[in-house]
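Listed below, chain by chain, are the residues.
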Amino acid sequence: DQQVKQNSPSLSVQEGRISILNCDYTNSMFDYFLWYKKYPAEGPTFLISISSIKDKNEDGRFTVFLNKSAKHLSLHIVPSQPGDSAVYFCAAVRGSTLGRLYFGRGTQLTVWP
Amino acid sequence: DAGVIQSPRHEVTEMGQEVTLRCKPISGHNSLFWYRQTMMRGLELLIYFNNNVPIDDSGMPEDRFSAKMPNASFSTLKIQPSEPRDSAVYFCASSPAGSPLHFGNGTRLTVT
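Listed in order, the protein sequences are those of chains A and B. Residues 15 to 127 in my numbering are what the first sequence spells out, letter by letter. Residues 3 to 114 in my numbering are what the second sequence spells out, letter by letter.
Bound conformation, chain B alone:
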């Protein structure tokens, strides 16, 4: 079991650029979650999918953020255009139904 795999581990970009974060959940897990960790707000849920379908995106901060899950083994979180306040650690997590989450190691995003 390789765990939840996120890429890249670090991303540095300039304001206004598009950023795409990637996640491969654990095989067999039918729920996938994107969390963001900042100093100001701590860990907060952005969006989660169940069986590849977005269930709750109320945590997505703005229209600049979008997430997709085209199949059970891949998800992306895209920010376009990026802004300095988007700088944070973004975690992807997956779980089987009704079980605690397994988190990836995160992507540290820095927008200058």
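The shape of chain A in the complex, shown without the other chains:
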């Protein structure tokens, strides 16, 4: 049973525009959410996170929004750059053990010039 879902396997955006990647979860016990980025033949790298006590966290071009009532989070990238082309994984965790991550299947983002 997939507790974290990314329903869009792919997203294509023009350079300079906003990329919005979406993620839904089913377990209301999750209290911390993370986004990871993965390039081919590499491991996932941590991008940004948000605690369930917040509804927004921003880091440069990246902003994560959390809607707990809808059990939904999104990652906004603006402006998008070709180097952002990668697979983005949403992940969720309960409690303080940040290793017991439940991952979505990922969304392939392609940013074209």
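Keep in mind the hints are simulated off the structure, nothing from the lab. Where a beta carbon is used, it is the ideal one built from N, C-alpha and C, also for glycine. Hints should not be assumed to be uniformly reliable.
To be clear about the criterion: a stretch of chain B counts as covered by chain A if any three or more of its residues have a C-beta under 8 Å from a C-beta of chain A, and this derived list gives those stretches [what the hints assert, rightly or not]: (1) 43–56; (2) 91–102.
Which chain A residues face chain B? A few, computed with CB under 10 Å, are given here [said to hold, decoys possible]: (3) Val18; (4) Ala55; (5) Glu56; (6) Gly57; (7) Pro58; (8) Phe60; (9) Ser63; (10) Arg75; (11) Phe76; (12) Lys85; (13) Leu115; (14) Tyr116; (15) Gly118; (16) Gly120.
The following label-pair restraints were derived from C-beta to C-beta distances [as the list claims (entries may be wrong)]: (17) Gln122/A with Pro98/B: 27 to 33 Å; (18) Asp69/A with Thr40/B: 32 to 38 Å; (19) Tyr53/A with Ile57/B: 25 to 31 Å; (20) Phe76/B with Val92/A: 41 to 47 Å; (21) Lys70/A with Thr112/B: 38 to 44 Å; (22) Asn73/B with His86/A: 19 to 25 Å; (23) Ile32/A with Glu16/B: 46 to 52 Å; (24) Gln82/B with Asp73/A: 21 to 27 Å.
Given the coordinates of chain A, work out where chain B should sit on it, guided by the hints.
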């Protein structure tokens, strides 16, 4: 900081053979994790260690899988005997307490 180092990068073996995957975590990280990525199940946690002690191995699929962490700088994941359905990318990750994981580049295992 060399990052999490995994070896080998690729492993091709025949069904029934023993496979050993290796991981060197980042120095100073006290937690180590083994994840597996497949098309069917995505990324899933197999086992994690805290201060070299296995904490949660509920994700280990079968008794054919075993993991050890004899010291703070080395861990192995062993599959014996291997089966074609074990074909996947296996990631090792490490972290300091309460911090996001740092992943290695993975081992792509193919069992024929």
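Results of checking the hints against the structure:
Residues of the region 43–56 of chain B lying with their CB closer than 8 Å to a CB of chain A number 5, which satisfies the three-residue condition for coverage. For a cut-off of 8 Å, the count of residues in the region 91–102 of chain B with a CB near a CB of chain A stands at 6, and the three-residue condition holds. With a cut of 10 Å, the hint placing Val18/A at the interface with chain B holds, because the nearest CB-to-CB distance is about 9 Å. For Ala55/A, the interface hint holds, the least distance from its beta-carbon to any beta-carbon of chain B being 7 Å, beneath 10 Å.
Taken as an interface hint, Glu56/A checks out: its beta carbon lies about 5 Å from the nearest beta carbon of chain B, inside 10 Å. The criterion of a C-beta within 10 Å of any C-beta in chain B is met by Gly57/A, whose closest approach is roughly 3 Å, and the hint holds. For Pro58/A, the shortest C-beta to C-beta distance to chain B is roughly 5 Å, which falls under 10 Å, so the interface hint holds. Interface restraint check for Phe60/A: the shortest CB-CB distance to chain B comes to about 4 Å, inside 10 Å, so the restraint holds.
Of the supplied interface hints, the one on Ser63/A holds, with its beta-carbon coming within about 6 Å of a beta-carbon of chain B, less than 10 Å. Hint on Arg75/A is violated. Least Cβ distance to chain B is approximately 19 Å, over the 10 Å limit. With 10 Å as the threshold, the beta carbon of Phe76/A stays out of range of chain B, its nearest partner Cβ sitting at about 14 Å, so the hint is violated. For Lys85/A, the interface hint is violated, since its Cβ never comes within 10 Å of a Cβ in chain B; the closest pair sits about 18 Å apart.
Here the hint on Leu115/A is kept, as its CB sits about 7 Å from the closest CB of chain B, short of 10 Å. Interface hint status for Tyr116/A: upheld, as the beta-carbon distance to the closest one in chain B is roughly 8 Å, under 10 Å. Annotation: Gly118/A was flagged as interfacial toward chain B, and the flag holds, the nearest CB pair being 7 Å apart, inside 10 Å. For Gly120/A, the shortest C-beta to C-beta distance to chain B is roughly 7 Å, which falls under 10 Å, so the interface hint holds.
For the hinted restraint 27 to 33 Å between Gln122/A and Pro98/B, the CB-CB distance of approximately 30 Å keeps it satisfied. For Asp69/A paired with Thr40/B, a C-beta distance near 33 Å keeps the hint of 32 to 38 Å intact. Between Tyr53/A and Ile57/B, the C-beta spacing of about 30 Å keeps the proposed range 25 to 31 Å intact. Checked against the given bound of 41 to 47 Å, the beta carbons of Phe76/B and Val92/A, roughly 42 Å apart, stay inside it.
Separated by about 43 Å at the C-beta atoms, Lys70/A and Thr112/B satisfy the suggested range of 38 to 44 Å. In this structure the supplied range 19 to 25 Å is violated for Asn73/B paired with His86/A, their Cβ-Cβ distance being about 43 Å. As the Cβ distance of Ile32/A to Glu16/B is approximately 49 Å, the hint placing it in 46 to 52 Å holds. Taking the beta carbon of each, Gln82/B and Asp73/A are about 43 Å apart, not inside 21 to 27 Å as hinted.
In summary, the numbered hints that this structure violates are 10, 11, 12, 22 and 24.
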